[in-house]
Amino acid sequence: MKKLILALSIISIAFGCNTANKKETVTIKGSDTVLPLTQEEMEAYQEKHPEAAISVTGGGSGVGIAALLSGTTDIAQSSRKIKFDEKLKLEESGKEVHEVLIAYDALSIVIHPDNQVSKLTREQLEDIFTGKTTNWKEVGGEDLKIIPYARETSSGTYEFFKESVLKDKNYMNGILSMPATGGIIQSISQTKGAIGYVGFAYVNNKVKDIHVSYDNGKTYIEPTVENVKNESYPIVRPLFYYYTNLHETGKSFIDFILSSEGQKVVSKVGYITLNK
Amino acid sequence: MIQTKKIKEQIAFSVFRLLGFMVLGVLLWILGFIIYNGIGVISWEFIFSAPTDGMTGGGIFPAIVGTFYLIIGSTLFAFPLGIMSAIYTVEYAKNNWLTKFIRIMTNNLASIPSIVFGLFGMTLFVNTLGFGDSILAGSLTLGLLILPVVIRTTEEALKAVPKTYRLGSTALGANKIQTIKRVVLPAAFPNIITGLILSIGRVSGETAPILFTVAAYFLPQLPHSIFDQAMALPYHLYVLATSGTDIEAARPMAYGTALVLIVIVLLMNTLAGIIKKRFEKNK
Amino acid sequence: MKKFIDKLIEGLLKLSGTVTGITVLLIIVFLFKEGSGLFQSSTVEKGYTLLVNSENPIDKLSPEELKHIFDGEIENWKQVGGRDEAIRIFRFDEIFSIYTDDELGEDYDLIPEKLGEVIHTNPGIIAYIPQKYAAKNSRGIKELIQEKIGLSDYFLGEEWLPTATPAPLFGILPLLFGTLLVSFIAILIAIPLGVGVAIYLAEIANERIRKLLKPAIELLAGIPSVVYGFFGLVVLVPIVQKTGGLDLGETAFTGSLILAIMALPTIISIAEDALRTTPKAMRDASLALGANKWQTIYKVVIPFASSGIAAAVVLGVGRAIGETMAVLMVTGNAAVIPHSMFESVRTIPATIAAELGEAPSGGTHYQALFLLGAVLFIITLTISIVAEIISSRKMIKE
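Residue numbers (this note's numbering), protein chains in the order written: chain A, 1 to 276; chain B, 277 to 559; chain C, 560 to 957.
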């Protein structure tokens, strides 16, 4: 019994002694949209630098920036631009914020594959997500209740959609919120009347994406890589890394992402590379 | 008359038997579902390698290691503390308001939802004390979660030791502390260990307390120190089931993770049962 | 010397004894201190203010009114008690499309001036801008009085929109009702099942079956919440959707199903204990009077154990209310006051889990979530106390 306690104490002290290496790991937190990209970049980066210690956690762009504020992350990954007051708060606490653009992402509007509707204007989308339009027949579909899905409020995607498509209006009361994008795809693929928005990279054959018009119905554009690159698809957003101070590993990782190799990974995951 | 009485009894008993088997059925359904879908995923690679390809391949080793560290950390914190607390209330405390108060507080702590522990752990350990998202913060939070369980089971274990043991020891000239150390504790040991084992099961499965205190989505390098974040099995299952670009493709990994979790719980329960039985036999 | 060490050890033990009390106290302090800070904060998002033209008679607007205005649902000042004038919404970023960067000066120091001009020349305007850029004492501008978030805003508010701009809404009624609905339905399902199985185990089942069932129930109790959530998400949600012919499967009902299963072991084991403590003498007496086993059970044993069973149910409720992960994954998380159990709901624990990460430390959202935690704590504490009272009443009866 005594020996057991002794052994356990030694193990824990030895483990704790590693605190000499306090915080050598580069912590990345934030956007669930950027998460898969960061993960794949980490995997590629670590093939070249196996000693590098990086960790990534999701939760939404808001989580990343809040963590940057409280000093619990090195890099905040975000799918929306940092808000004015967030920047202010950071500067007030004496931290200078650096912004790095790492890729672009298109936002696809997705519906159930059996839904006959194939195109919608921004105004129609706004009415759907603010709760004004409630039935698919009002937008050219069948007589079926529209069930909009949104992300949680911490999501940059949520904020971006609100800004770009809803023109800053608030989402309807009682909209369903999924904690992560994957959940939206899952739910939409199971629910005939559903509609939601996801990062372009998340679209798979379980859901159908629709063509969107930002000019009141004159032209409808399909979300494809070319249409994003030639800037005809209207719902595109930049993806950012924000940091205050970063040591070597972090800087090297960011440089990797911006390099041609890193950008290849961007395409592979389904996002849009920087050099359009 | 007697006929209807008998019939009523038969019906009642059948209904209850049915209910009993329904509950058993639910358990089997859940277990079966996970085992059936997860067993194919388990392999050497699955247990011992890190996730690859956006969580659709590879394994869950970092999560297993993370959970392991959290188990050690939380038990290291909760056990000595809990045992000492139980020793105090059983062996020393007089039956006054203080003891009553302590008992009430322990019960209350036990009924607090795990998310409140997560909230508290975040504000105390991560923010105020500045540990950040770390194994340390996570272990302390989980430790608080299992503390009431440890205290309760240790109290029961100590109470179960017959008074005669203590009296005999004192008669031989030992003082209180010696009695406790050499007589009571060893006698209560199996039950205390049972509590330990069940706590381990609890710690490995809790998600809410670690959401904001330690959990990382992807940390292929194992944590270097207690100030690092860590992956953990329950959080890993949660993210596999709800995030990632290709939930469908990651589904097998999720089943595998769920299976590993269930196996741990099963193992702990069985172990606790075996020890209990052995102890009862020795009596 | 030895005596000194002994005294030291005793002191240490005494200290450990108080650790649970200290922890509970700390939890209360942290939760309530942070949570009550919410009522010191203003309704408008921190760091921002609302400016209107000085001729506008309106002095202040409620968070709900602000939301409706900025959503375009209220379009005229007369709808909120002002003049018959169209409301012109102005968000801060618009200043950049009206003036060029040069006009705004180096370091944007001319913004307050330019903003003042815009407001001054637009009688129906309401401008939502950072406080830093508000030139409050200029002519033509009036700042709306910022009220503090009130108790009724929080406890009786019907909308929970923590990131709404300009004024977040922190009404907890949808969350409260969501939590209560899911738990209530769960208990309705779990009571007959749980008490029934308890009776079965305590009175009817033979030794062999007990040996099988008891470990099975303990296993059910040990399955992690997230595994239940996973099962619910992948199995129950589609089933509920198909059999109910519903639009979607993520509903309060699905949550209740899972919670019922999770509360079962608690109910079963405590109720079973209560039933077993019925003195043999009472049972024998009943049998001697000619009752058969079943009659004994329902006329003698159950009434005797009724307070224990009640305590079991109450504790089951407590378990259900505090559950986080499983409900987060299956209830759809829509913050609305539910009208039926086949709608999506958002519970208090799920809200905390989903939103805590993004709430900046010390901000109003953060405080609102802590207050939610405090509310949850009080609810579960009350339940725990009620259970205590019920089961101690039984002791007095004896």
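Think of the hints as simulated: they come from the structure by calculation, not from any bench.
Remember, it's a predicted structure, so these values are computed and weren't measured experimentally.
Every residue, glycine too, gets a C-beta built ideally from N, C-alpha and C.
One or more of the hints may lead you astray.
Computed list of lysine-lysine pairs in DSSO-like fashion (alpha-carbon distance at most 27 Å, straight line) [unchecked claim]:
| no. | chain 1 | residue 1 | chain 2 | residue 2 |
| --- | --- | --- | --- | --- |
| 1 | C | K605 | A | K83 |
| 2 | C | K673 | C | K619 |
| 3 | C | K637 | A | K167 |
| 4 | C | K637 | A | K81 |
| 5 | C | K801 | A | K87 |
| 6 | B | K553 | C | K605 |
| 7 | C | K858 | A | K137 |
| 8 | B | K435 | C | K852 |
| 9 | A | K167 | A | K81 |
Among chain C residues calculated to face chain A with C-beta under 7 Å, some are [said to hold, decoys possible]:
| no. | residue |
| --- | --- |
| 10 | D668 |
| 11 | E672 |
| 12 | P721 |
| 13 | G803 |
Label-pair distances were calculated between CB atoms; the ranges are [what the hints assert, rightly or not]:
| no. | chain 1 | residue 1 | chain 2 | residue 2 | range |
| --- | --- | --- | --- | --- | --- |
| 14 | A | V100 | C | S656 | 40 to 50 Å |
| 15 | B | V302 | C | E653 | 54 to 64 Å |
| 16 | C | M560 | B | W373 | 30 to 40 Å |
Hints and how they fare:
| no. | hint | result |
| --- | --- | --- |
| 1 | C/K605 / A/K83 | 13 Å, holds |
| 2 | C/K673 / C/K619 | 24 Å, holds |
| 3 | C/K637 / A/K167 | 24 Å, holds |
| 4 | C/K637 / A/K81 | 36 Å, violated |
| 5 | C/K801 / A/K87 | 47 Å, violated |
| 6 | B/K553 / C/K605 | 61 Å, violated |
| 7 | C/K858 / A/K137 | 60 Å, violated |
| 8 | B/K435 / C/K852 | 35 Å, violated |
| 9 | A/K167 / A/K81 | 16 Å, holds |
| 10 | D668 | 15 Å, violated |
| 11 | E672 | 18 Å, violated |
| 12 | P721 | 6 Å, holds |
| 13 | G803 | 12 Å, violated |
| 14 | A/V100 / C/S656: 40 to 50 Å | 26 Å, violated |
| 15 | B/V302 / C/E653: 54 to 64 Å | 58 Å, holds |
| 16 | C/M560 / B/W373: 30 to 40 Å | 34 Å, holds |
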